[in-house]
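Letter by letter, the chains look like this.
Protein chains: 2
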Amino acid sequence: MTDIELISDSRCFEGHQRTYRHESSACGCPMQFAVYLPPAADKGPVPAVYWLSGLTCTEENFSIKSGAQRYAAELGLALIIPDTSPRGLDIPGENEQIDLGTGAGFYVNATEAPWAPHYRMYDYVSKELVDVVNANLPVDPGRKSISGHSMGGHGALLVGTRNAEQYRSISAFSPISSASRSEWGRNALGAYLGPDEQAWLEYDACEVIRSSPSGHQLLVDQGTADPFLDQLRPDLLKEACAAAGQRLDLRERAGYDHGYYFVGTFIGEHLRFHAAALDA
Amino acid sequence: MTDIELISDSRCFEGHQRTYRHESSACGCPMQFAVYLPPAADKGPVPAVYWLSGLTCTEENFSIKSGAQRYAAELGLALIIPDTSPRGLDIPGENEQIDLGTGAGFYVNATEAPWAPHYRMYDYVSKELVDVVNANLPVDPGRKSISGHSMGGHGALLVGTRNAEQYRSISAFSPISSASRSEWGRNALGAYLGPDEQAWLEYDACEVIRSSPSGHQLLVDQGTADPFLDQLRPDLLKEACAAAGQRLDLRERAGYDHGYYFVGTFIGEHLRFHAAALDA
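So the sequence lines, in the order shown, correspond to chains A and B. Counting in my numbering, the first sequence runs from 8 upward without gaps. Counting in my numbering, the second sequence runs from 8 upward without gaps.
Treat the hints loosely; a few may be bogus.
A pair counts as met if it fits within one copy or between any two copies, since identical chains are not told apart.
The calculated SDA-like cross-link candidates involving lysine to any residue, where the alpha carbons are at most 20 angstroms apart (straight line), are [what the hints assert, rightly or not]:
(1) Lys50 with Gly262
(2) Lys50 with Ala261
(3) Lys50 with Gly275
(4) Lys72 with Arg240
(5) Lys50 with Arg77
(6) Lys50 with Leu82
(7) Lys50 with Arg18
(8) Lys72 with Asp16
(9) Lys72 with Ser15
(10) Lys72 with Gly275
(11) Lys134 with Glu276
(12) Lys134 with Ser15
(13) Lys72 with Ala123
(14) Lys72 with Asp264
(15) Lys72 with Thr26
(16) Lys50 with Pro37
(17) Lys50 with Gly149
(18) Lys72 with Glu21
(19) Lys50 with Asn141
(20) Lys50 with Lys72
(21) Lys72 with Phe273
Hints listed in this document are in silico derivations from the structure and should not be mistaken for laboratory results.
The shape of chain A in the complex, shown without the other chains (with noise of 0.2 angstroms):
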C-alpha cells in the first residue's frame, strides 16, 4: 500500500474536504490530490466520481470553485480530484505555455524527451491514482464514474471510454472534444508524443469514441457563449458519437461561458447523473 500524507482537512458539509500528497510511481515525483468524504463514508464505503481539471489547475480549482461537495454530500458520493500534471521538475520550458508542461499534463503518457519519465497523467489517472484511493479511502471500488473540465473533459471522454468497464458513467463539461484537431492539443500532442501525428490518435476523445464506441451515456454541457469554442468543437463531438453509435446527451447552455462559474451551475446535475449509475 503507498503511503499518503494529509495535507489539509476541513469539515464541508458534514463531510470532510481533504488535501493529499504520496509519491508517484507513474510520474516520478511527489503527487497532490484533493478528495471530498461525504457524511456517509463514516458509516462505509461509498462510490465516487473522479473529476479531471483543466489547463492552469491543480486539485484545488474545482474543490474551491464548483460547490460541488453540497450535491456529494446529498448523494453520498466521494469526489477524487486530482493536480493536472507533475510539478517542480525543472524541466525546461515547463512553465513557459499553458498548454504545456505544468498544468497541462493533456492525460497523455508522453513518449519523448524531455517529458516521457514524468508526463504520464494517463497511467497516473487511470490505474496509480484509482490504487492508491482504493487502499487508503473509504470507497468502493467497483462503484466509480469519471468527469471533467475542458482539457479534463477531453481526459474523462477519453479514459472513461477507454476503459468504460471501469467506470459505470462518463461526463464532461465544455472538454477539448478533439485534441489533435485543436490548437492547445496539437502543441501538447506534439511535444509529449512526437512530430507522428497517428500517435495521438489514441489520446483524441472523438478518435477513440469512433473506434470503440462505451455502453454509457455520455453526459456533456457546453455553454453557448464559450470564447474557446474553436478549441473545443462540439460539433465533432457530436459527428463521432453520431457516426460511432455513442449515445451523447450534448446540452448547450445558452448565454454561459467557459468558467467556473458555469460548472458551478450545472455540477449538480452531473452529479445526480452519476449517482443514478452508481446506485448511490
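Let chain A serve as the given structure and place chain B on it in line with the hints.
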C-alpha cells in the same frame, strides 16, 4: 448618478455574476465590487444582501468560493460584495501587514495620516455603495440586509447595528466581535484612528451593541475548530448581547474551521434567514 463600469459578466444559475468598477468619492479612488443578480431581477427589483469580506480578500473571494449564488437564485436575492479596502494608492506600508492597509480596511473612517484621505470604508459601505447600487441595479432600496465573514463579520455587526433601521437583518460568520480587544483590530484601529482608544469604540461591534442594541435577531455561525478564536472572541459577543438585551442566535459548529468550506456549508441557512426578514 455615479457612472459604473461593467468589468465582467458571467451567467450563473440563470442569473448574472458581475464585477463593476466606479470612482468612489468616499475613498478617493476607483473601487470594484461584485454583484450576483438572480433570475428574478429580470422581472423587477429584488431585495439585496450585502456581504463584507475578511482580511486579504477582494470582491472575488466570496463570489468564487461560497457557492452562495445557488441559494440567492432560488430565493430571489441580489448579493452585493464590495472590496475590503482601497487599493493601489502607494501609501507607505499599505502592503506590508495582513491586518493593515490593502485588504484590511476594517470598515472604519480613518482619521490619521497617511490613511485618512482614502481609508473610509465605513462611509463607503454604509452610504456610497448603497447609493451606487440603488441608482444602477434592479434592487429594491427598501429591502436590504447585511452579512460578512471575520473582519467582514465585524463590519456586518457594526454597520448593521449602527444603521439598524436601514437593514432588515444582520448575520455574520466568525466575526471579530470586539475589534478593540483583538490583536488584528488593535493594530488596524491604532493606525487608522490614533492612540486614543476611546475613539476606537464606535467601531467595536461589542461596544456598539452594548450602547445601542438593535431590534434585530443576530445570526452568527462560528466553527469550533477555528484557529483564530483568540482574535474573534465569540465569548465577548455573547456577554455583550446578554448585557444589552440584544437577541443573538450563535451557532457553534463542531469541527468547522475559519475558511470558505465552513462559510459555504452554512451560507444557505444565512440567506434563508435574510430572505425571511426581507419578505423575499
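Worksheet item: How would you label the pair Lys72, Gly275 (within, between, both, or neither) given a Cα cut-off of 20 angstroms?
Response: both (13 angstroms within a copy, 16 angstroms between copies)
Discussion item. Please sort Lys50 with Asn141 into within, between, both or neither, judging by C-alpha distance up to 20 angstroms.
Written reply: Classified as within: same-chain Cα gap 16 angstroms, cross-chain 50 angstroms, threshold 20 angstroms.
Worksheet item: Is it within a copy, between copies, both, or neither that the alpha carbon of Lys134 lies no farther than 20 angstroms from that of Ser15?
Response: Neither: 24 angstroms inside a copy, 40 angstroms across copies.
Discussion item. When Cα atoms must be at most 20 angstroms apart, do Lys50 and Gly262 count as within-copy, between-copy, both, or neither?
Written reply: between (42 angstroms within a copy, 18 angstroms between copies)
Practice prompt. Measure nothing new, just compare the shortest in-copy and cross-copy C-alpha distances for Lys50 and Gly149 to 20 angstroms and report within, between, both or neither.
Written response: The answer is within: 17 angstroms in one copy meets 20 angstroms, while 48 angstroms across copies does not.
Discussion item. At most 20 angstroms between CA atoms: does that hold for Lys72 and Glu21 within a copy, between copies, both, or neither?
Written reply: This pair counts as both: shortest intra-copy Cα distance 18 angstroms, inter-copy 17 angstroms.
Worksheet item: What label fits Lys50 with Lys72 when the C-alpha limit is 20 angstroms: within, between, both, or neither?
Response: Neither, since 27 angstroms and 28 angstroms both go past 20 angstroms.
Worksheet item: Is it within a copy, between copies, both, or neither that the alpha carbon of Lys72 lies no farther than 20 angstroms from that of Thr26?
Response: This pair counts as both: shortest intra-copy Cα distance 15 angstroms, inter-copy 17 angstroms.
Worksheet item: When no copy is named, should Lys72 and Phe273 be tagged within, between, both, or neither for a Cα gap of at most 20 angstroms?
Response: both (13 angstroms within a copy, 16 angstroms between copies)
Practice prompt. Have a look at Lys50 and Leu82 and pick one of within, between, both or neither, based on CA distance no larger than 20 angstroms.
Written response: Cα proximity of Lys50 and Leu82: one copy only (14 angstroms, versus 33 angstroms across).
Practice prompt. Classify it for me, Lys72 with Ala123: is the Cα-Cα distance of at most 20 angstroms met within a copy, between copies, both or neither?
Written response: Close neither inside one copy (32 angstroms) nor across copies (36 angstroms); limit 20 angstroms.
Worksheet item: For the identical chains here, do Lys50 and Arg18 meet the 20 angstroms Cα criterion within one copy, between copies, both, or neither?
Response: Within. Shortest intra-copy distance 16 angstroms satisfies the 20 angstroms Cα cut-off; inter-copy 38 angstroms does not.
The earlier numbered hints that this structure contradicts are 3, 4, 11, 12, 13, 16 and 20.
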